[in-house]
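Chains as they are written, first to last, in the numbering used here: chain A, 1 to 72; chain B, 1 to 422; chain C, 1 to 340.
Check each hint, because a few of them may be wrong.
To be verified - So, partial list: chain C residues that the calculated Cβ filter (under 10 Å) puts toward chain B:
no., residue
1, K2
2, L187
3, L192
4, V200
5, F269
Since the hints were derived computationally from the structure, they do not count as laboratory data. The beta-carbon is built from N, C-alpha and C at its ideal position, and this holds for glycine as well.
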Amino acid sequence: MGIPTVFVTALPTIAQMVGATRILRGVSITHPTGDPSLAVGDEHAFRRRIVERALEMLATDVEPITVWEVPA
Amino acid sequence: MMNGRPADPPLGLGTYEVVEASPGPLTSWEAGNLVVDLESLRGSAAKEPAVEAVEVHLVRPGDPVRVANVLDAVVPHVKADDPEATFPGVLGRLAPAGRGRSNRLGGVTVLSVCDLRAAGLVEQDELYETFVDMAGPGAERSSFGSTTNVVLTFTPRPGAPAADVDLAVRRAGLRVARDLAATTIGSAPDREETFRPIGTGDDGEDLPRVAAILQVGSEGSFLDTFLYGLRMEGLVPTLLDPREVLDGALTNGAYEWAGSRNATAFYQRSALIHELFEADGKSLRFAGLIVALGYLNTAFEKQRSAMLSARLAQLLGADGVVCTTFETGNSHTDTMLTVRACEHLGIRTTAIVTETNGGLTDHVPEADCIVSVGNEDELVPAWSPDRVIGASAGRAGEPVPTWAYLGATCQTGDMRWRAVPE
Amino acid sequence: MKIVHYLNQFFAGLGGEEAAGHEPVRIEGAVGPGRGLGAAGLPVDVTLACGDDHFGEHEADALARLLAWLEEERPDVLVCGPSFGSGRYGYACGSLAREAGRRGVPVVSAMTPDNPGVLAAEGAAYIVPTGSNVTEMRTVLPVVAALAGRLARGEPVGRAEEEGYLPRGLRRNELADATGAVRALDLLLAKLAGDTRTEVAPSGDRVPPAPAVADVSRATVALVSEAGCVPQGNPDRLPSRHSNMWLRYPLGGVASLDADAYESVHGGFDTAAANEDPNRLVPLDAVRELEAEGRIGKLHDVFYTTTGVDTPVAAAAKFGQEIAAELHEAEVQAVILTGT
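Sequences are here, hints too, so could you generate the full structure?
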């Protein structure tokens with residue numbers, strides 16, 4: 001019995017190829033859950049939205065190998 | 001003027017075959033015999049301030065020699081009608097490449113060797129071994145195992161900045177390549193090829209239009225590709241005259257993985273560009289050459305670049321595109337995203353990639369037409385050379401993975417290797 | 001015929017879990033299932049054994065010692081296992097098979113098709129597929145013995161589909177008649193004419209998505225990452241590349257991955273941005289905020305970390321199975337996994 005897992009990655013095509021089931025497009029290879037170009041407060045709010053989106057995906061039944069984005 | 005367009009002169013490329021190469025008092029080429037003044041070449045290469053010492057070796061196919069820590073391979077090449085503009089922007093004066101008259105030697109390659117790790121210029125795990133075997137089971141893995149090689153072994157000046165050493169080694173190798181080819185100026189070539197600007201022929205209006213997307217990488221010190229002498233980092237997909245690529249506008253400065261490295265020689269010899277010119281007007285129309293970066297850092301940058309490449313292909317009127325790949329790892333994602341972007345515009349694609357023991361590095365469903373240039377993890381049987389140039393041990397007596405041989409799985413399509421089910 | 005048999009600590013009679021750290025040993029003759037091989041016509045000359053944990057934690061050393069014995073014995077065939085569903089044992093069998101194969105020794109093993117040992121073997125072994133139940137031993141041993149005997153005698157073995165072993169998935173290099181460039185243009189023109197062919201296609205195992213979390217606001221969520229995130233100073237020496245390990249670290253009372261307490265040792269990307277703020281790799285600060293607001297039930301009290309660069313697929317599969325087993329044991333209901 002599997003544990004629902006969201007994979008946050010900047011390379012969703014590789015995740016798709018290996019068969020990861022819930023994939024959330026991350027920001028960058030070097031900072032999947034952050035963005036140094038944002039001001040600290042904005043970056044923190046952005047990271048919250050990434051995690052919220054991840055939680056949303058965990059709570060959703062998906063077709064195998066689904067990629068979601070984080071809304072701006 | 002033809003068809004009311006300003007003149008765009010053809011590129012005449014003369015190949016001068018070398019059947020015999022030997023050391024001698026004066027560098028010269030005469031009727032297939034190349035004499036190489038090793039001391040003079042050594043002195044020319046050692047003039048670079050960031051270089052402390054240079055050794056020069058001449059090795060031939062069949063010699064029991066392994067050349068290790070090879071950085072780049074360059075085909076001896078000179079702009080015969082303007083030698084000072086050879087390898088423009090990096091060695092020569094800045095001038096458009098791809099026109100006029102150029103000479104190159106056939107059967108000879110200049111190999112630049114430097115143990116960057118021993119010199120402390122890169123970390124132990126940043127770059128990996130690079131071999132060219134002149135005999136033994138690995139000789140056929142690298143195309144330079146079958147050319148006579150002028151090997152330049154560089155010792156950097158201690159304390160010299162990495163960027164200075166990088167430029168010095170590249171420039172010295174290109175200078176030697178130019179000076180070797182310059183011996184042919186004034187002689188008649190064994191083979192003459194003429195490359196006219198694409199799109200100027202009248203044949204084959206109904207033939208499919210095919211473009212190529214050449215992927216390069218430029219991630220920083222010892223990981224760069226150079227266009228007219230400057231790093232290509234930040235490059236937005238752009239058009240090049242394919243003749244510029246044949247004529248020295250693109251030079252390699254990326255040394256991470258040997259097997260899939262685009263040595264400068266692969267740009268100069270470019271089998272893909274040659275085949276496209278050869279087929280132009282017969283089975284296809286050569287629509288153009290797009291150059292784009294791989295290894296972009298973010299999904300956004302990768303998708304944007306793929307989109308821009310596909311848009312350029314569309315502007316060229318391409319019906320089909322061949323996508324090449326630069327090195328291993330996440331550059332394969334750039335290739336696959338480019339395939340997808342083209343296919344979504346109705347442009348059919350073929351991608352050229354290398355495999356690993358774990359299969360393909362990346363894939364998209366639209367990539368239904370792939371050329372495999374080989375399994376880079378396959379082990380080549382052990383060999384014990386009599387001599388190793390450029391390293392102390394060089395894995396003598398151990399099996400060597402295919403990825404350690406220079407260009408063994410080059411993804412520009414220059415090699416005949418491919419992987420098949422066992 | 002010289003036959004060598006590899007077993008783990010349990011099947012070699014060295015003990016149970018408490019002996020999982022047992023160093024490699026060499027035992028004269030057959031032990032445990034090896035006697036079953038003998039009864040099936042494959043008499044074992046030498047048995048090599050090693051604790052599954054010892055192998056996992058000291059892989060290079062363990063392999064070196066085992067291979068040194070193999071070098072002395074020069075067997076005509078090596079049998080590893082059967083390891084059935086055991087991931088650690090299977091991984092050891094597959095890894096030994098791969099290295100023995102590189103040294104020219106034919107290898108037969110037996111395990112479940114999704115065992116990480118299959119990937120670890122990289123096609124070097126003929127692997128008989130089994131279920132996860134050890135009670136299959138009596139039916140599996142004769143199949144293994146027959147296949148191993150033929151390999152030892154140098155008799156030809158047919159294709160996987162015919163003979164009933166798992167496809168080895170090997171791709172070997174050969175020189176084609178034409179360059180990649182010529183082949184690419186031929187394939188492209190054929191595709192444009194309506195005939196699509198390829199020289200290679202992807203292969204990947206497919207796992208159905210786990211059902212969605214019913215109520216995230218009551219769920220225990222765990223953080224896992226391959227971004228190489230460790231406490232400052234990397235106290236347990238997580239490798240920067242080609243990691244042979246994963247680690248877990250407590251998160252009790254930790255609200256954020258501060259730059260002075262955590263760092264990334266990942267060797268596959270520029271860690272500057274991550275080291276300024278490790279939450280950019282593992283979003284702990286955001287998860288804690290949402291936890292305080294009741295958006296999740298709670299954050300699991302440890303996070304799991306490894307370095308995902310140059311990691312052999314087999315090792316990654318093993319890490320995944322091991323971490324998942326712990327998460328399952330701890331009744332974690334959802335995971336956020338970050339990758340670079």
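| request: Please name the hints from earlier in the document that this structure breaks, with their numbers sorted from lowest to highest. | output: Hint check: 1 fails alone, others pass.
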